[in-house]
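S.K.: Sequence order for the protein chains is A and B.
Residues 0 to 337 (numbering that gives the first Met the number 0) are what the first sequence spells out, left to right.
Residues 0 to 337 (numbering that gives the first Met the number 0) are what the second sequence spells out, left to right.
Examples of chain B residues lying across from chain A (beta carbon under 10 Å, computed):
id	residue
1	A44
2	N86
3	D90
4	S246
5	I247
6	N248
7	Y253
8	F279
9	S281
10	H284
11	V297
12	K314
13	R335
Rather than coming from a laboratory, the hints here were simulated on the basis of the structure.
Glycine residues also receive a C-beta, built at the ideal position from the N, C-alpha and C atoms.
Protein chains: 2
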Amino acid sequence: MTEIPSAVDELTTPALLVDESALQSNIETMSSVRPGHSLRPHIKAFKSTALAARLADAGHDIFCCATVTEMEGMAQAGLGTDLLLANEVLDASRLGALTDVARITVAVDSDETLAAAVNAGIKEVLIDLNVGLPRCGCELEDSARLADAARAKGIEVRGVMGYEGHLMDMVDRDKQREGVAVSMAVLAKAHEMVGGDIVSAGGTGTFDINDVATEIQAGSYLLMDTHYAKVGLPFRRALTVLCRVISINTNGNYVVVDGGLKSLAMDHGNPTVDGADVFFCSDEHTTLIPHEGTTWAVGDLVRLWPAHVDPTVAKHERMYVVDGDRVIDAYEIDLRHW
Amino acid sequence: MTEIPSAVDELTTPALLVDESALQSNIETMSSVRPGHSLRPHIKAFKSTALAARLADAGHDIFCCATVTEMEGMAQAGLGTDLLLANEVLDASRLGALTDVARITVAVDSDETLAAAVNAGIKEVLIDLNVGLPRCGCELEDSARLADAARAKGIEVRGVMGYEGHLMDMVDRDKQREGVAVSMAVLAKAHEMVGGDIVSAGGTGTFDINDVATEIQAGSYLLMDTHYAKVGLPFRRALTVLCRVISINTNGNYVVVDGGLKSLAMDHGNPTVDGADVFFCSDEHTTLIPHEGTTWAVGDLVRLWPAHVDPTVAKHERMYVVDGDRVIDAYEIDLRHW
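With the hints as constraints, model all of the structure from the sequences given.
M.R.: The following block contains the structure:
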């Protein structure tokens, strides 16, 4: 890795910054509610073995992943105590190759994904249930059959998983509780039929109200974003994209910074910024309309708050851990791509 | 690089595919209207020196870039005949270091960006004009002053640039012509005042109607996307994201494929797919509602058409060049990050 500058203003922009104090606060807040193995941190939100190691040190040394590359990287980094691919995969051969160095469990929701696990020499699975989000997961009536089919092939069925992703960003927590109860009733019923020790579910938005899950699959809570921040969770926004003012138009009263679509995820909309409105983003630019009282000069640093943490992180090679204007560490984002 | 599979169905998904026949057609269509140096291909759209070399072979061996990393990579790849950073930069030291091996020109729109060029030992600049897009570029009345300031520092002013980006995706070409005329009148006036040989402007959407520019800065035309395709340009869509069906829900009649927000740019909206509607994208998934008559099985390959080419390419390590179901080449996307 290139040498890490010690001051934020020495960084090449755009750069991904993580506020150490907010990060540490988020780790502690989550651990107080979900200690040890009642949390299975989701790697997809930060894609960094260095950050994962920090969670392992905090007692959370079991993880879930969304991609085979994330699983491989975690195993290779010695973080393979208990890795769950919380996603379906048709070619599991690269996962099978990891079973000597890590405990590997994969989600299955069909005969085809079960066959992929069997063919790859995977020894353990979870049955993935559809609990209301229109994505992966088998139907309740199919879960026991699939578990039986797995056991008939000599595979250990560790339990069930089901992600209530459609309920993550609800502001009305009473309605959210009702929704979670409906979703988790399906998962609890499946668990009765399937057996095993694990009921893996939940996420940052339901970390404290999902009382059916034996382990919560949360990842976004660590770094947070403006979308999740609207929900009113007890986690602090730790992630910004550091940019520089590269152009100022005095006629139009707008300011242009050097980060845009290629450094910020846009699926949840524009980033936000303190002291200005975001006019629009293009590939390598964001045009800002400063509020009255905000004065920026060409060359000034500006921190943008991204709307969605996971795909924003995936655009960068590393995140710089900062304490105010000091860079105190850097974590490689080493689990990208597929 | 890992060995390239010879068949599309051997690729790890998601994977970026480029259709060779569409790519070659786009190169030829553009060259017939903008031969040789009347086109300055924009590297930001594809971020690959291999693809740039192909354009150089087709007679377009002058390029523009949006980032310092793009400039560095092009120079190091021996493609530095005439490289323009068509963007503002405050720390040009890495560019200054390239002047021994490449011809380096940078855009300047302020005293600060001019000072950065001077400090870095850059020898040549273009004056960047605001021609209507609320982004970088100085005002007309400031352009001659800035050119004089540059020349007073011993810097060669090669001319002017101005990007009419607000007019790129207009469907009504008569209205677009009117808009381009207004924007280019500003640039032509600036050129009179500033001098130099170059009037650099335009893009894929105005490649054939901008008759003021001496060179067109187009890049998206090579690979195209669904957004540009709506405009009715003579370029073919060459870019898809190859995915696999990983889950099928027969109750909900939807199909889940293994590419989503992390492999597709979402700033111009959802991708599209032949034979189905896109329901929604999440990090590593897209949920599709198949049209009547579309039958997919778990494991089938599906090609998604991204809505915006530039930031989609930037998410991937390489693009596979394909002829139908055969992989015939692979281009590293080696100009990513900053």
